[in-house]
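Undergrad: For chain A, the structure is supplied; the task is to place chain B on it using the hints.
Protein chains: 2
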Amino acid sequence: MKGYKQAILVREDLGMSKGKMIAQACHASLKAYKKADSEDVKSWEDQGEKKVVLEVGADDIKERFQRAKSKGIPAAMVKDAGHTEVDPGTVTAVGVGPAENSKIDSVTGDLKLIK
Amino acid sequence: MKGYKQAILVREDLGMSKGKMIAQACHASLKAYKKADSEDVKSWEDQGEKKVVLEVGADDIKERFQRAKSKGIPAAMVKDAGHTEVDPGTVTAVGVGPAENSKIDSVTGDLKLIK
Chain A
1333 MKGYKQAILV REDLGMSKGK MIAQACHASL KAYKKADSED VKSWEDQGEK
1383 KVVLEVGADD IKERFQRAKS KGIPAAMVKD AGHTEVDPGT VTAVGVGPAE
1433 NSKIDSVTGD LKLIK
Chain B
1333 MKGYKQAILV REDLGMSKGK MIAQACHASL KAYKKADSED VKSWEDQGEK
1383 KVVLEVGADD IKERFQRAKS KGIPAAMVKD AGHTEVDPGT VTAVGVGPAE
1433 NSKIDSVTGD LKLIK
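Just so you know, the protein sequences line up as chains A and B, in that order. Plus 1332 on top of the position in the first sequence (first one is 1) and you've got my numbering. Plus 1332 on top of the position in the second sequence (first one is 1) and you've got my numbering.
In isolation and in its complexed conformation, chain A is listed as follows (with noise of 0.2 angstroms):
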């Protein structure tokens, strides 16, 4: 059986506080959800909708979010309206899937858990 699951990249060297990382990591899952394939939403959810949360460099984030991109990933960046912790439309969080294990882990697979 093909396993899924969503990767949620975000961003641990902007010092957010927890509440602000849970907030931005909650748009970025949301986002991609809303972008993925209605065939493997199902099958993420009756596995139990399998959420991994990984950390990302500032450098690093938006060529994630391109390369899923360009392999026909869903996806979604999130930019942050700056009116709290960070800079206006610094990009905090990236959603990818949910779709197959395979396909994440060739954007996000040698990125490490949040602990």
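Among the hints, erroneous ones may be present.
Partial chain A-side listing against chain B, Cβ under 8 angstroms, derived [claimed, not checked]:
#, residue
1, V1342
2, G1347
3, S1349
4, G1351
5, M1353
6, C1358
7, L1362
8, Y1365
9, K1367
10, D1369
11, Q1379
12, G1441
13, L1443
14, I1446
Here are the computed lysine-lysine pairs in the DSSO-like style, where the Cα-Cα straight-line distance is at most 27 angstroms [stated by the list, open to error]:
#, chain 1, residue 1, chain 2, residue 2
15, A, K1367, B, K1394
16, A, K1334, A, K1366
17, B, K1334, B, K1350
18, A, K1403, A, K1363
19, B, K1401, A, K1411
20, A, K1352, B, K1350
Between beta-carbon pairs, the in silico distance windows are [to be verified]:
#, chain 1, residue 1, chain 2, residue 2, range
21, B, D1437, A, G1335, 37 to 43 angstroms
22, A, K1394, B, K1382, 35 to 41 angstroms
23, B, K1401, A, G1441, 36 to 42 angstroms
24, A, E1377, B, T1416, 31 to 37 angstroms
25, A, Q1398, B, D1392, 29 to 35 angstroms
26, A, K1382, B, A1390, 24 to 30 angstroms
Keep in mind that the hints were calculated from the coordinates and are not lab data. Cβ coordinates follow ideal geometry from the N, Cα and C atoms, glycine included.
TA: For chain B alone, kept in the frame of chain A given last:
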């Protein structure tokens, strides 16, 4: 103009890692989103999808969920499968809304933001 938001209630007392907390919050956010009224979702999206991340205690989390339900406000409870950090069936997070601010506040208005 009416304001709209989604509240994401997360237990901080479980000692979950940051990544685990983020994943549980994203589960709650998505699950509650799917239950929300479509007109409310549209208004919320038009306003930028405000999400507030709130701290909730072990003794209180189920009561908040029930309070939302009893008021007819869309809400979703996340129980962890317990494969990793917490006991199986532990309620880790609750999503409320999106809905009008006043409705959300009637359930979560006294809870503190997670910093």
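Undergrad: Compare the structure with each hint and give your call.
TA: Structure-based check of all given hints:
no. : hint                                    : verdict
1   : V1342                                   : holds, 7 angstroms
2   : G1347                                   : violated, 12 angstroms
3   : S1349                                   : holds, 5 angstroms
4   : G1351                                   : holds, 4 angstroms
5   : M1353                                   : holds, 7 angstroms
6   : C1358                                   : holds, 4 angstroms
7   : L1362                                   : holds, 6 angstroms
8   : Y1365                                   : holds, 6 angstroms
9   : K1367                                   : violated, 13 angstroms
10  : D1369                                   : violated, 16 angstroms
11  : Q1379                                   : violated, 11 angstroms
12  : G1441                                   : violated, 16 angstroms
13  : L1443                                   : violated, 11 angstroms
14  : I1446                                   : holds, 4 angstroms
15  : K1367(A) / K1394(B)                     : violated, 32 angstroms
16  : K1334(A) / K1366(A)                     : holds, 21 angstroms
17  : K1334(B) / K1350(B)                     : violated, 33 angstroms
18  : K1403(A) / K1363(A)                     : holds, 18 angstroms
19  : K1401(B) / K1411(A)                     : violated, 33 angstroms
20  : K1352(A) / K1350(B)                     : holds, 12 angstroms
21  : D1437(B) / G1335(A): 37 to 43 angstroms : holds, 40 angstroms
22  : K1394(A) / K1382(B): 35 to 41 angstroms : violated, 25 angstroms
23  : K1401(B) / G1441(A): 36 to 42 angstroms : holds, 40 angstroms
24  : E1377(A) / T1416(B): 31 to 37 angstroms : violated, 20 angstroms
25  : Q1398(A) / D1392(B): 29 to 35 angstroms : violated, 43 angstroms
26  : K1382(A) / A1390(B): 24 to 30 angstroms : holds, 25 angstroms
Violation of the numbered hints given earlier is confined to hints 2, 9, 10, 11, 12, 13, 15, 17, 19, 22, 24 and 25; the remaining hints are satisfied by the structure.
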